[in-house]
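Peer 1: Listed here are the chains, written in short residue letters.
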Amino acid sequence: MDKIWGKKPRKSDKKKKGTSNYAYAVTRVRAMKSKLLPKETYPRLMNMGIDEITRFIQESEYKNDIDELAMKYSGADLAEHALNRNLALTYAKLLLITAGEPNYLISEYLRRYDIWNIKTLLRGKQYNASEEEILETLISAGELTYTTLSELAAMESYEEIIEALNETDYYPLLQEEYDGTNLAYIENELDKMYYSGLFGVIGKPRSKDRKLFARFIKLEVDAKNMGTLFRLKKAGVEQLDEIMPLMIEGGLELNTEKLASLPYEEFVEALRKTRYWDAISGVMVPDMDSLTGLECRLLKFSLESATTYSHVSPISIVPIMDYIIYKNNEVNNLRIIFRGKEAGLEDELIKDQLVVI
Amino acid sequence: MSRPKVMTRAVIVGHKSILKQTIEALYDTNLFHIEDFVEDESGFKIDKPFENAEDVSKKLVKIRSIASYLGIASNEPVVQKSGTVLRELDSKLDELDRGISDKTELIIQLENELKDLDSQKKELLPFLSINLDFDYFRGYESINVFAGTIKGSLEESQVSSITKAFELYVDPQSKSIVLFVAKNDADRVYELIQGLGFRELRVPERGGVPSETLRLIEQKEAEVGKKIESTKAGIDSMKSKYADFILASDEVLSIESEKAELPLKIATSANAFIIDGWTPSEDYDTVVSAVNSATAGKAYISKLEIEEEEEERVPVEYNNSAVVEPMQQIMDLYSRPKYTEIDPSSVLLLTFPLIYGMILGDIGYAIILGVLALAVKKAVKSEAVQPLMNILIYCQISTFIFGILYGEFMGFSLASLHTAHGTIPGLIPGWETITLFPGLSGEHVTFPVHRTHMIMTMIGATVTVGLLHLNLGFLLGFSNIARHHGFMHGLLEKGSWIIIEIGVLIAAVGILGGNSILTYVGAAVFVIAVLMLLKGEGIQGVVELPSLMGNALSYSRIIAVGLSSIYIASTVNDIAFEMIWPDHSQIGFAAIAAIIVFILGHGLNTVLSIIAPGLHALRLQYVEFFGKFYSGGGIIYNPFGYIRKYTEE
Amino acid sequence: MVGEDLVVAASGPILDAAGMKALGAALAITITGLASAWAEKEIGTAAIGAMAENEGLFGKGLILTVIPETIVIFGLVASLLINSA
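Residue numbers (the working numbering), protein chains in the order written: chain Y, 1 to 357; chain A, 1001 to 1649; chain Z, 2001 to 2085.
If we strip away everything but chain Y, and leave its shape as in the complex, we get (with noise of 0.2 Å):
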């Protein structure tokens, strides 16, 4: 298992741009976009139990990753296993059908998955989760492979674990900063250092793609701040200067000074000029007791912009992007359906989280 978990695609060269092979690419990537399970398979997921569901799926894309992983682990285990390793496998592959800029562009992206270990990391040691329960939630898509994960895993303290990490860029912040409970603060400082290292990436854009993939990203953080000041807002939480540190920059439209000046009526008032109101005006009532249904309004809206950026720019990064965030609402979707089986959580409630488009 090693062999194809631990091999990672090279970070290849910022200058190489001829070789993007962009017709093979965006044609096997729209052909793999065509086996994501259409919307609707999920009334019929909704009504399996866990293993009838874990026997469907095997029968489709993630067939390998059940075969491999069912001698080893069961029922909701073995499904999250699955999940997690055929995740990271398709976008491990994405870097091998792609070169050049696509292929640059893409494995900085999939970093994300890094700082997602690493919270996962942390926050297991914080809250002494068991070394099988951190397994399950790591998802190797980004550089840190299986291996060097399963690694960490095992490691008895936080404090290992981050000198461990010695040779990555997140070093400094967490060797300065995390002092064992401030992971709320880390957290967002990954988040920030992610997405500015990913705009510095993209620096400022010249080629068409990189054009896209800075808007596709953009987007993203104004989904992100979007969440993080209702969330904040409902607490009560006024003070600019508690909540600006939280906000990421570089967003597309959101004017975050702005908005977290505002009281929650004013607030919402604000959004109702942005671009994001149609998507979300269905949640918008007075008492929203849960941001469940305000985050999948969002992420359905950036699901869909993206798959019209790339009716709009069909040979470009874009319909990969567009894939990425697809498989991985797929991958959420199921183990949303996996998690909230296993708790006996009722059909509604799990349908209610579910991002099916």
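It should be emphasised that the hints constitute simulated quantities derived from the structure, not laboratory data.
Being a predicted model, the structure only gives us computed values, none of them experimental.
Take the hints with a grain of salt, since some may be wrong.
What the hints assert, rightly or not - To be clear about the criterion: a stretch of chain Z counts as covered by chain Y if any three or more of its residues have a C-beta under 8 Å from a C-beta of chain Y, and this derived list gives those stretches:
{"hint": "1", "segment": "2032-2046"}
{"hint": "2", "segment": "2053-2066"}
Stated by the list, open to error - Straight-line distance between alpha carbons at most 25 Å, and here's what the computed DSS-like set of lysine-lysine pairs gives:
{"hint": "3", "chain 1": "A", "residue 1": "K1226", "chain 2": "A", "residue 2": "K1121"}
{"hint": "4", "chain 1": "Y", "residue 1": "K351", "chain 2": "A", "residue 2": "K1045"}
{"hint": "5", "chain 1": "Y", "residue 1": "K33", "chain 2": "Z", "residue 2": "K2021"}
What the hints assert, rightly or not - Ranges of calculated distance between the beta carbons of each label pair, as one might list FRET restraints:
{"hint": "6", "chain 1": "A", "residue 1": "I1498", "chain 2": "Y", "residue 2": "S281", "range": "57 to 63 Å"}
{"hint": "7", "chain 1": "A", "residue 1": "K1092", "chain 2": "Y", "residue 2": "D278", "range": "35 to 41 Å"}
{"hint": "8", "chain 1": "Y", "residue 1": "D278", "chain 2": "A", "residue 2": "V1011", "range": "38 to 44 Å"}
{"hint": "9", "chain 1": "A", "residue 1": "V1203", "chain 2": "Y", "residue 2": "R231", "range": "55 to 61 Å"}
{"hint": "10", "chain 1": "Y", "residue 1": "R231", "chain 2": "A", "residue 2": "V1011", "range": "48 to 54 Å"}
{"hint": "11", "chain 1": "Z", "residue 1": "A2026", "chain 2": "A", "residue 2": "G1514", "range": "34 to 40 Å"}
For glycine and all other residues, C-beta sits at the position ideal for the given N, C-alpha and C.
For chain Y, the structure is supplied; the task is to place chains A and Z on it using the hints.
Peer 2: Then chains A and Z, alone, in the frame of chain Y:
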């Protein structure tokens, strides 16, 4: 020219208490294509699967995972009773699962052991030629031991200038040193070796002389390696022992799970179910009686009229004779016909081998490929390969006939040919080429046809074949449209193309024959037909007019690809028999070399002879011919049921 | 210097009518060959990308890939016509 099987839409309604029996009955008939129900406003919902679904799925996941781990592929089926399989399933699966996990765990353990031994070995190697017992390296009070590697070289004299109390062992090859020094001088000595890039090596904890220890380790390695081998062999033997069981139980469980999950695809209410689907009309009665007898007549089955907008959703099953059946592969490679369309499989039976034969047209290759196809057909019983071999055989029959027409055998001409530059002898003495009538641009049409000497005529001939082929397409298109939208629509959309060609033909005859009335008539017919096309297909149709010429000229590839095949073959012949072995009376090294070249060259050309004519003939069907009438995209008829291979009731 | 030698050596016209014809025919087939090769390369890589994921697309991929081949067939016809004229 056949149409897909006529389908009947049937709806089965009943109380949930008879759902299981209904499903069993439908599954056994294997004749009912179920339309998946999508939840809508009607209030009906899909139901939960039967209770056993979860358990069956769990076992299936396990079995399939084991099958893929063992690398079990479908083989010659050994048919078992499904009842027996089910009864033994749990215990056997358990046994299998335990057996495999025990063995894989053992392998992992052994492999770790191997890794461990390997790292022990690596630790040992630098000390090998020094060969001091490791027990000597420790346990001193007044002596320091430096064991490690250095970059440069270390002479005794360098150490002795510091202290006399030392002992030095050096292995010049691996640059490792072991240095025993009195504790008092150790610091200064350490400085010295530090300057030489000293890096300390870990001294293995176990005692013993390195060479002896190495021998032991290697012995152990061999033992562990052997154990791994035998465990792997054990897994292999499990594979052969359980293969039939795995295949059979996969089949039985798949059937169970398909049945158990049908409620996910049908509309149900609190008490009732509705199964909506399609069955070939000829089998409708079979389905009805099967369901009735299973449910004691408690299920209501009714036929529904197929409405026009539903025709797109009717599943399509071919309706062809056994001779035509292989051509369905070519159809499915493109796309299944729609329910409302003509299924052109039987037309392809003629046109595909015809064009293939026209391209290749060589008796020798026809025989080689024909025999090859027959042999493969006999040897490989796979359902995927059989139809392909049949198609290849059809093609070789046509190739053989054209081979006689062209008088070609492996690139040699069979008949002699008189040209302006003298007579070119043929392979068969006495077969003279007969000149029949003049062809295009000063060429003569002969029998047998010498393709290389009448290229322009052949271009004309192939384009004519193309026009005939295209018009056949227009006729089929006409028939498709006329059937559903009336004669006028068919005439305007497809018939107009044929009339356009007639107009051009009349005008051309008029111009060539100097008959201006005929020219005007032709022009008038042309203009009227273009107006018809404008009405039928709109401006798009008119814009596409020039493509007709492009399509027709595209058929000249028949001669072009054919020529390339001839030239390759005759070049091989020339190299073999004119250049390498010019003196045919002398049999020796040259003769053998010539035969090798001959076989290799023609071997290559034989492979090309499947690919090039095949692809080009296929393309002419798909692009030029189908473009005129075929749309495809029908839903494949996939009845609820299963054809058992490994089990029986 | 070398150039002068060449001019001297080529006392007659470099290409006579037959040569021009042959050159024309050669160009007709070369250029169209290159053109369809280039077009097929683009479509072919795309088709292989799609087929790698879904073998069922073989038929459609094949058709799309060979469509530009008509270009070189026309080139061939043109060059044969030039030669026989």
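Peer 1: Of the hints given before, which are not true for this structure?
Peer 2: Checked against the structure, the hints that fail are numbers 5, 7, while the rest are satisfied.
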